[in-house]
Amino acid sequence: MPQEIIVSFAPHIRQPLSTRRVMLDVLIGLIPLVAAAGIYFRARGLILIGVCVVWCMATEWVCNLIRKKPGSLWDLSAVVTGVILALSLPPALPFWAAAIGSVIAVGVAKMAFGGLGANVFNPAMVGRAFLTASFGVLMTTWTVPATIDANLPQVGAQNIVDARTQATPLGWSKIAIKDGAGADIYNERQFVSTITGNIPGSLGETSVIAALLGGAYLLIRRTIDLHIPVAVLLAAFAFAGIAYLVNPDAYVQPFYHLTSGALLFGAFFIATDPVTAPLTRRGMWLFGLGVGAITLLIRVVGKYPEGFMFAVLVMNGLTPLIDRLFRRVPVGGKPRVG
Amino acid sequence: MTTATQNSRSFAGGVHPPEGKHLTEDRAIEPGPAVKELSILLSQHIGAPAQATVKKGDAVTAGQQIGECKAFVCAPVHTPVAGKVKDVSLLPHVVLGRTMGVVLEAEAPIQPVVPSFQRPQAFDPDKYTSEQICNAVRDAGIVGMGGAGFPTSVKIQPDAKVPKDTLIINGCECEPYITCDYRILMEWTEQVITGVQLIARACGAKDVYIAIEDNKPKAIERMNASLQSLGLVSAIRVVPVKTKYPQGGERQLIRAVTQKVVPTGGIPPMIGVVVSNVATAAAVADAVVCQRPLTHRVVTVTGLGIARPGNYYVQIGTPVQALIDHCGGMTADAVKVVLGGPMMGIAIADLSTPITKTGGALMVLTKQQIGTERFEQRQSPCIRCGRCLQVCPENLNPTKIAHAVKKHLMDVAESYYIGACIECGCCSYLCPANIDLSGLIKTGKILLARQRKKMPS
Numbered sequence: 001m002p003q004e005i006i007v008s009f010a011p012h013i014r015q016p017l018s019t020r021r022v023m024l025d026v027l028i029g030l031i032p033l034v035a036a037a038g039i040y041f042r043a044r045g046l047i048l049i050g051v052c053v054v055w056c057m058a059t060e061w062v063c064n065l066i067r068k069k070p071g072s073l074w075d076l077s078a079v080v081t082g083v084i085l086a087l088s089l090p091p092a093l094p095f096w097a098a099a100i101g102s103v104i105a106v107g108v109a110k111m112a113f114g115g116l117g118a119n120v121f122n123p124a125m126v127g128r129a130f131l132t133a134s135f136g137v138l139m140t141t142w143t144v145p146a147t148i149d150a151n152l153p154q155v156g157a158q159n160i161v162d163a164r165t166q167a168t169p170l171g172w173s174k175i176a177i178k179d180g181a182g183a184d185i186y187n188e189r190q191f192v193s194t195i196t197g198n199i200p201g202s203l204g205e206t207s208v209i210a211a212l213l214g215g216a217y218l219l220i221r222r223t224i225d226l227h228i229p230v231a232v233l234l235a236a237f238a239f240a241g242i243a244y245l246v247n248p249d250a251y252v253q254p255f256y257h258l259t260s261g262a263l264l265f266g267a268f269f270i271a272t273d274p275v276t277a278p279l280t281r282r283g284m285w286l287f288g289l290g291v292g293a294i295t296l297l298i299r300v301v302g303k304y305p306e307g308f309m310f311a312v313l314v315m316n317g318l319t320p321l322i323d324r325l326f327r328r329v330p331v332g333g334k335p336r337v338g
Numbered sequence: 001m002t003t004a005t006q007n008s009r010s011f012a013g014g015v016h017p018p019e020g021k022h023l024t025e026d027r028a029i030e031p032g033p034a035v036k037e038l039s040i041l042l043s044q045h046i047g048a049p050a051q052a053t054v055k056k057g058d059a060v061t062a063g064q065q066i067g068e069c070k071a072f073v074c075a076p077v078h079t080p081v082a083g084k085v086k087d088v089s090l091l092p093h094v095v096l097g098r099t100m101g102v103v104l105e106a107e108a109p110i111q112p113v114v115p116s117f118q119r120p121q122a123f124d125p126d127k128y129t130s131e132q133i134c135n136a137v138r139d140a141g142i143v144g145m146g147g148a149g150f151p152t153s154v155k156i157q158p159d160a161k162v163p164k165d166t167l168i169i170n171g172c173e174c175e176p177y178i179t180c181d182y183r184i185l186m187e188w189t190e191q192v193i194t195g196v197q198l199i200a201r202a203c204g205a206k207d208v209y210i211a212i213e214d215n216k217p218k219a220i221e222r223m224n225a226s227l228q229s230l231g232l233v234s235a236i237r238v239v240p241v242k243t244k245y246p247q248g249g250e251r252q253l254i255r256a257v258t259q260k261v262v263p264t265g266g267i268p269p270m271i272g273v274v275v276s277n278v279a280t281a282a283a284v285a286d287a288v289v290c291q292r293p294l295t296h297r298v299v300t301v302t303g304l305g306i307a308r309p310g311n312y313y314v315q316i317g318t319p320v321q322a323l324i325d326h327c328g329g330m331t332a333d334a335v336k337v338v339l340g341g342p343m344m345g346i347a348i349a350d351l352s353t354p355i356t357k358t359g360g361a362l363m364v365l366t367k368q369q370i371g372t373e374r375f376e377q378r379q380s381p382c383i384r385c386g387r388c389l390q391v392c393p394e395n396l397n398p399t400k401i402a403h404a405v406k407k408h409l410m411d412v413a414e415s416y417y418i419g420a421c422i423e424c425g426c427c428s429y430l431c432p433a434n435i436d437l438s439g440l441i442k443t444g445k446i447l448l449a450r451q452r453k454k455m456p457s
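Here the protein sequences line up with chains H and G, keeping their order. By the count of the working numbering, the first sequence reaches residue 338 at its end, each step adding exactly one. By the count of the working numbering, the second sequence reaches residue 457 at its end, each step adding exactly one.
If we strip away everything but chain H, and leave its shape as in the complex, we get (with noise of 0.2 angstroms):
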């Protein structure tokens, strides 16, 4: 016979998947998106990953102190955050300013509104904008990946500052068209550099192959729905359309915007962040759409070369409201008052 009985609330059984499992899967998402940071941007990327991701977990551990709160560290939520946050940042960032993020990232973005499940931001896309607003040129500095001999530079020769750094693809063809060299440049070779990664950029975004890898396997997972992705892509990919049909001597070719920049490691793995986007399939899709709608709009038409923080900055504030917009109607229909 027992010692004692319990009593609760069925269900009694429970599928064995909790909050920790499911951020471990992201991390195991991420994996390829680290070996392609590694294979590009050798040991100075894998280290920067790590300085981030030991710094939002102490940044973690210590805002549960000052909360008196149980240790939250091994949901997993911090290390997440740290690789993300690492992910999208300039390879050569001095590990100084990445602590900075990261302490901005978990501290304030995700603590200080009251800790996983309660932030309204991205934490790792808020730290990151922290860092863009405070140290734009080191945020702007982008090294070339090792894999290219650094005397044979093969992108954007005529903007280049010298052999170890010089901008993206999305940033010098803004540049050039802006001094009238036209959008062509942007020619098939760098097309497939953009697929492989071997292109300057933040750590996890230049590879296409990495991204659709991890991002399969949490589609595989179930870790993510494809409901934001493919509306991510799919309204920058019309967005972009449209600007080349009506110019395309001023504007890039859509697909070109589909592989380079932030664009698809973002979709799969910085839009997708659950605390953030809404919660119905209509909401994704809306959300998902302004995703890429405004990623494009401040690529084509702003100032910046790049524009998907902000534009998954500005859709994860407008989550609440789009919740509310596109609220579930039972079955059975909405119940009739009386």
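Note that these hints are calculated values from the structure, not bench results. Be aware that a few hints might be false.
The list that follows gives simulated cross-link-like pairs (lysine-lysine, DSSO-like), each with its CA atoms no further than 30 angstroms apart [unchecked claim]:
id: 1; chain 1: H; residue 1: 69; chain 2: G; residue 2: 242
id: 2; chain 1: G; residue 1: 406; chain 2: H; residue 2: 68
id: 3; chain 1: G; residue 1: 84; chain 2: G; residue 2: 127
id: 4; chain 1: G; residue 1: 407; chain 2: H; residue 2: 334
id: 5; chain 1: G; residue 1: 453; chain 2: H; residue 2: 334
id: 6; chain 1: H; residue 1: 69; chain 2: G; residue 2: 406
id: 7; chain 1: G; residue 1: 55; chain 2: G; residue 2: 21
id: 8; chain 1: H; residue 1: 334; chain 2: G; residue 2: 56
id: 9; chain 1: H; residue 1: 334; chain 2: G; residue 2: 442
id: 10; chain 1: G; residue 1: 56; chain 2: H; residue 2: 69
id: 11; chain 1: G; residue 1: 406; chain 2: H; residue 2: 334
id: 12; chain 1: H; residue 1: 334; chain 2: G; residue 2: 242
Start from chain H and add chain G according to the hints.
For chain G alone, kept in the frame of chain H given last:
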């Protein structure tokens, strides 16, 4: 002919918990315990409680009515054995907490005998009028034995305004572990068919279906063969439905079988559909053909915490403790006793709680079965992953409702249609944060009902 797995009908949402039916599915219905003292509750159904017709010290015979109906939505109560009324008092009730009941001291503790039903030669349901069937069902105290316990006589009464043209017999048994309906389908096949014919006759249904989940191919086969031999294949159709929880939920089943939708807050008769459980159908046959009141039922005793799981024919009023003892007692690692299945069943603290007409299962769970997180009630914050929305069979937003209830924002909970929740528990089952979503929603419904009671109309 399509095989069972093809074209299985279904609904949107739902989950696939481990079935666990292997523990008891091949165990034939066997007699339950001989009990010295029975607690027969007067409220084993939805509606007004029955009124006791006996008092302390009265001698009663087996099958005697001891609780009568004053209200329309009500069901009488009978004794399973002869004996003496020891007391009429408040007794533990699985849902209501405490309710009036009759404590019956058996003359001599006798083990129930599993009855064998003889279908009359050339049975013709038209020999009975609808009224005759309804009255016999009412007098026998039959209520929905699938769990809800709505008085069957009320349900099967013909309605002139909305003709009840469709009858669905629910043999899904989508709750994991439970096998009592499966055993009834396998062993009492002809009795079920007789009951189905009688219910169809009573309510005037033209389209009659027996829905069985496609994880029970033997039951589907047995039922088809039996219908064939009785020449009823065209009158009663066996519908294999997809194995998915909560396929046996009445609203989900109607959607799967007829593609009709029961309006939110409504009941199936509003769209001309009657849904009845297989055990209920068997009881109807017993009541009408054999004039036997509902005093026994088949109960699946299962779970990893019980020594001898099985399907038992039990006297209604048997205390849970007696049934557990009959099955070899609880194992040392048992931590939870549940009346009903693991998804919707209710955990009880008082083992003197009796078996009622609606209780098809008694589960004893171990810590391993429950899982550490659920056992320790370890909850973490909602990460808005949206899994609860995906699995909700009623297309609700469980996390929003539950968190509104948590903050006592009842108007918000209502704006997310808290009343439409069927309490199936899919959301809680799947929640990675282990939040008691369906528990909070149930709490919210009770709070709302109390609020309404206080308000002057």
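>> Which constraints among the numbered hints does this structure fail? Numbers only, ascending.
In response: 1, 3, 7, 8, 10
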